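Note that the protein sequences, when read in sequence, are chains A and B.
Residues 1381 to 1995 (the working numbering) make up the first sequence, in order.
Residues 2 to 462 (the working numbering) make up the second sequence, in order.
I should point out that these hints are in silico values taken from the structure, not numbers from a laboratory.
Note that the structure is a prediction, hence the values are computed from the model and not measured.
Yeah, the Cβ is synthetic: ideal placement off N, Cα and C, and Gly gets one too.
A portion of the hints provided could be inaccurate.
Claimed, not checked - Covered stretches of chain B, going by a simulated chain A footprint (3 or more residues, C-beta under 8 angstroms): (1) 58-69; (2) 206-220; (3) 282-291; (4) 395-409.
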Amino acid sequence: MKKSFLIQFSILLLLIIFTNSGIRSLVTPEKSEAGDGNGIRVDLTEDVSIFDSSPMDLEPRQGGTLVVAVSAEPENLNYYTSTSAAATRFLDYIYEPLLDYNYETWTFERPIIAEEFNISEDGKTFTFKLRENCYWHDGQPLTAIDILFSFKALLNPFVDDAPLRSSYSKVIEAHIEGPYFFSITTSDTYFRNLELLGGLAIMPKHIWDPKGLMDRFSIADLQNPSVTREEASVREFAEAFNTHAQGRPVGDDAEQIIGSGPYKFEKWVTGDYMSLIRNDNYWADNHPYIEGFSDKGAYLDRIVIKSITDPTAMLTALKSGELDFLPRMRAVQYFEQTNTADFVEKFQKVSYVVPAYSYIGWNNDKPYFSDKRVRQAMTMLINLEAFNKYVIYGMGIPTIGPFYIYGDQYNHNIEPWPYDPIRAVELIEEAGWVDTDGDGLRDKDGIPFSFTFSISAGSKNSKYLSLMMKEDLRKVGIEVNIRQLEWSVYVENLRDRQFDVVSLLWIGGLETDPYQIWHSDNIGDRGSNYIGFRNAEADSLLIAAQSEMDKTKRNALYYRFQEILHEEQPYTFMHYQRDPGAYLKEFRGAKWIPIRPGYKFYSWWRAGAVQGAPL
Amino acid sequence: MWRYFLKRILLIFPTLFGISVITFIIIKMAPGDPTAFKMGNQQTGMSSDQNMAKQVIEQTREIYGLDKPLMLNFTIFNYESNWVKIQEYLSQGNPTSGSEFDDIVEPLKQADEVAVPFLVNLLEHGNLTEQETLVVLDILTIKQKLSISTEMSLENQLEYIQNWWYGGTDSSGVARSAAIDVYQFSGLQKFKMIFTEAQYPRWLVNMLTLDFGNSIKDNRPVLDHIKESVPVSLIFTFISFVLAYLIAIPLGIYSATHQYTTGDKVSTVILFILYSLPNFWVATMAIVFFGGGDFLAWFPVSGLHSVGADDLSKWEYFKDLAHHVVLPLIIWTYGSFSALSRYMRGSMLEVIRQDYIRTARAKGLSERVVTYKHALRNSLIPIITMMANLLPLAISGSIIIESIFSIPGMGQLSFNAVLYRDYPIIMAVTTISAMLTLFGILLSDLLYAVVDPRITFEEKH
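Could you put the whole structure together from the sequences, leaning on the hints where they help?
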């Protein structure tokens, strides 16, 4: 009996030693400070504009394949009905809009399908003159008919694109004047109209509506329920559109997605990868696709987007050569698991900023957070600097408001609230929260200061944040209960406003309209102002700014709006995020831009590529 | 025997019906719905441009029929009493937003087209308070997709309804036909609607014709999804099943015949250590150590094929697949050794103690013949019947292993479906696996009778 126990014990011991030695060699970093010699590039000054991360010692050449990883596969590839970022990013190489951002001035004016555009005096009618040499991948010309069709498809009430369509509800009519003139009218002046109307990806009518079901209807008809209800073809078109084979091209015999962009769809193997292939007949191949960004439409012959769910598997795949580019990894991987000499020699690490900010949202209608002094105190009680330093490895850029920190709308004159627990406690006591019953918890009107912090299960950062808060607030007599919720439930609680505190990430753009999130009209009825921010001055500023077409005047209004937000602290604004990534050094021309997703493969090329070589 | 078989087969149908009703209710009662994912996800965050207000959500729900009642739609008949409830609710000065209000208004919305004439009539002759008028307008606007905005004045809204209902010229000067004729329903139509305008009956009717509907996520038929994923999971289930039996049974026999020897104990300990190692941890470790990171580069770590595998020859393609399968397969299998070999050991020990084994030994048969000819056969009975579990397992896959190795099998499909609240897929997967489980149980009962003559289903006379 004794002998067998010894054997069992020694086996166990061996196993423990084995696993521990394995773990140690994994987590021991050689050095974890940013900057010196470990290949990390955290250059804050270059966040602002396009920056290159590859040497410029060679001339760009065509050819080669790039394999890039994404964490989740898109649900479908129908540009309008899909809501996942993965789909948009993939389709942006295939479909093109009328206009796009100019990557140097960051104004929305770079012509793509449109050659010129004109906005009427009253700012409501937009006229686009199209290029006459634009072609779809199947050789058909791209004309104003396709543009008009795209808007009709978008605005068809039975098409499953309600979230996207809601941004276009002010469109009242559109006309084509000849094959290359398109004009569209909106009911209101709105500063984002050009971006919305010009930025819509155009889809080919001859593919998506070959029977011409939508021909008979005008945009105004589609807004009229007695037409859409009674005309069967409106619904028939929508059903065909929602389930169109081009929106879900799976398998070997799948239809090619027909677009007009520099890349063509090649293949989608469900759960595995999707691939794009260079469009050799690209209509704009003979002139720079994007000024100062790429000399030709594109260099790489083929782009493969592989879906890998697990972050460890992703990094391993990069190291083993299955991947060429990993756009997003965990901070701990970036700083501690990619420091071997081998890795640094083979791969270029890079971190780039994208317009998405994290925040803590206080439900302003709960008794604890109805007083702005308490909300200010909360902000001063949370050590965001420590969070940034220890949890996200200094990858956060502190922000004071909802606008993109590198955009024009951001008010740089506002100083962030300091970390100041002493002042915070004073404010909380001023607001009437003191411990009257001696149970160690502050209370007011019989309500103990004990709230629930809802975090989305699976978000590590939120989890660390909530634990930090629980510990810090306990010291000043406030209890934090942590509740982990699955995403779908989390969102439902948000919409129904059933929460005390949440922490989330908002994704924006270079120029955004804060109306959805901050105007008091959007409280309740599942609007996006779920924390219940009400401020009469802010409301009028938001409305005034929407129709103010002069950028300087508009931004002045938004500056004032940020001052109010800063004073009221309905959110504790945390950080803009940097995404850490790494790619094989053989790839050159990697440029990083401050809008999502942070990179465009048009400028990338492979140093070792042989033109025309087999894949 | 056949009588028994027939009885059991017939019993499957009511059981399946019960299972489907219960699953349907549980899934739909779970909080959250598919529209949550239209707002973004936890990894990338939520888009601040999108307006996910009530109207957007309701429209999306309507496209997928999620706005209908679950079981039977009786709101077709009692919308008038539902209206009285709303009036009572409003007269108490309750708020006209929030989840409580939504619950009160819901039944009236579910009556949908049938209630429209009643609602229009209310607007015309109902002597409504302003608040009540707004609620009625709101229901009409959302369910009938009228282009009324709340910014319009009340008179304009009412005028719009008037035009829409009786026809007339709209603002652009075009004559529109009246909507009134579209909304007349006969008694038979209404009776049919009890079933057709409810979620479960709709699903059941489709299911009986083997139409599981389309996935909410990508609008593709659910069966296509399953057809894609089943073979993938089947590779793993089948091979790991065979491997487990091939290794565990000899191990179990060895342990039984060499009871309490060092070999028995060592194998027991090792098997139990394997059994207790959580597979997500082992999988991650395996990726790190064998996936070609900083250690050994033996196996690829994601998916089933290399990029471009389709262009390879048949043999190369197979080799590539096998290369990808090894690592997940090991993880898939190692945990099942211990249970199986313990079963084998236990039943073998029991048989070895039987009198007929002693008789066989007394006859002077060699130990080999005693063990493998007489004891083994009888001790395999419980093991064989366990094979019936293979059926439901074949389509369930493994959520954890498939997620870590990015394998597009049934585990990932059903897991993502649950996260996304992709009801048609969840229902199809649960129904099919319930069906297979029931058949599996039946099969194992029959197998018992086949391999063990002591068990019979004949009725005793």
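Against the structure, the hints come out as follows:
1. Beta-carbon proximity to chain A at under 8 angstroms applies to 4 residues in the stretch 58-69 of chain B; the threshold of 3 is reached and the given coverage holds.
2. Only residues whose beta carbon comes within less than 8 angstroms of a beta carbon in chain A count, and the stretch 206-220 of chain B has 4; three or more means the coverage holds.
3. Remark: the stretch 282-291 of chain B is confirmed as covered by chain A, as 5 of its residues place a Cβ nearer than 8 angstroms to a Cβ of that chain, reaching the required three.
4. Requiring three or more residues with a Cβ within less than 8 angstroms of a Cβ of chain A, the coverage given for the stretch 395-409 of chain B holds, as 6 such residues are present.
Checked against the numbered hints given earlier, this structure breaks none of them.
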